[in-house]
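As you go down the protein sequences, you meet chains A and B in turn.
All you need for our numbering is the position in the first sequence, starting with 1, plus 3.
All you need for our numbering is the position in the second sequence, starting with 1, plus 1.
There could be a bad hint or two in this list.
DSBU-like mimics (lysine-lysine), calculated; alpha carbons at most 35 Å apart, straight line [unchecked claim]:
1. A:6 - A:71
2. A:59 - B:27
3. A:6 - A:44
4. A:6 - B:14
5. A:44 - B:27
6. A:44 - A:71
7. A:59 - B:14
8. A:71 - A:20
9. A:44 - A:20
10. A:6 - B:27
11. A:71 - A:59
12. B:14 - B:27
13. A:59 - A:44
14. A:59 - A:6
Honestly, the hints are just simulated from the structure, not real lab data.
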Amino acid sequence: ELKVEQNPLFLSMQEGKNYTIYCNYSTTSDRLYWYRQDPGKSLESLFVLLSNGAVKQEGRLMASLDTKARLSTLHITAAVHDLSATYFCAVDRVQGAQKLVFGQGTRLTINP
Amino acid sequence: DAGVTQSPTHLIKTRGQQVTLRCSPKSGHDTVSWYQQALGQGPQFIFQYYEEEERQRGNFPDRFSGHQFPNYSSELNVNALLLGDSALYLCASSDRGSSYEQYFGPGTRLTVT
């Protein structure tokens, strides 16, 4: 059974600091997704990582994938308050119906 | 181009009742997936519909059922509601033939009292 674990689950940081969220998954997977969710809202797609060594960046967020270690990271550079949200990673496989398996989420709070 | 839409936005039901949630996929998408997100948790896959058939199902009881219509829209039905069914229900659509990415709707917040 495919399982996804994120850490930390809660993260409080100061504006201007850097930090990394980690996402481990249990078995081979084809695609790794990062989503953002604001309170009471739906999921906003941030990144899709398809292959080993993939790196994508958007603004202050950068995601990477190491398929051999079954690990993805979401790095936040010089955090700003607007990045406060819950971040989820999810994985799926190409074969069969697409079924996303999500981690527990990391609740990120950025303090001024 | 409308994205994924869901209705209603919020719903309050009593234990034992039945509920129907609706989803219209993004234009050009033919596949609809449903997820349940309990408070403070990650979304969990309920099932997926393609060509009006259930293609894959997560670990949810038979009280959860669905349907897909010829226009690709979908319904999620939950019978004999339990307090534990209170959650945000998310619908996601995708184009099975050309894209793997799922686009999520705004969700329906179901509260069971």
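Hint by hint, here is what the structure shows:
1. With a C-alpha separation of about 16 Å, the suggested pairing of residue 6 of chain A with residue 71 of chain A holds against the 35 Å cut-off.
2. This hinted pair checks out: residue 59 of chain A and residue 27 of chain B have alpha carbons roughly 25 Å apart, not beyond 35 Å.
3. Distance restraint check for residue 6 of chain A and residue 44 of chain A: the Cα-Cα separation of roughly 24 Å lies within the 35 Å cut-off, and the hinted pair is therefore satisfied.
4. For the given pair, residue 6 of chain A sits about 32 Å from residue 14 of chain B by alpha-carbon distance, which is consistent with the 35 Å threshold.
5. As the CA atoms of residue 44 of chain A and residue 27 of chain B are separated by approximately 18 Å, the hinted pair is consistent with the 35 Å bound.
6. Under the criterion of a C-alpha separation no larger than 35 Å, the hint pairing residue 44 of chain A with residue 71 of chain A is consistent with the structure, at around 33 Å.
7. Between residue 59 of chain A and residue 14 of chain B the alpha-carbon distance is near 43 Å, which puts this suggested pair outside the 35 Å criterion.
8. Distance restraint check for residue 71 of chain A and residue 20 of chain A: the Cα-Cα separation of roughly 29 Å lies within the 35 Å cut-off, and the hinted pair is therefore satisfied.
9. Taking the CA atoms of residue 44 of chain A and residue 20 of chain A, the gap is about 26 Å. The hint holds against a cut of 35 Å.
10. Distance hint between residue 6 of chain A and residue 27 of chain B is fulfilled; the C-alpha atoms sit about 29 Å from each other, no more than 35 Å.
11. Of the pairs offered as hints, the one joining residue 71 of chain A and residue 59 of chain A holds, with about 18 Å between alpha carbons and a cut-off of 35 Å not exceeded.
12. A hinted pair counts as satisfied when its Cα atoms are at most 35 Å apart, and residue 14 of chain B with residue 27 of chain B qualifies at roughly 28 Å.
13. Between residue 59 of chain A and residue 44 of chain A, the direct Cα distance comes to roughly 24 Å. Compliance with the 35 Å bound is thereby established for this hinted pair.
14. The hinted pair formed by residue 59 of chain A and residue 6 of chain A meets the criterion: a straight-line CA distance of about 23 Å does not exceed 35 Å.
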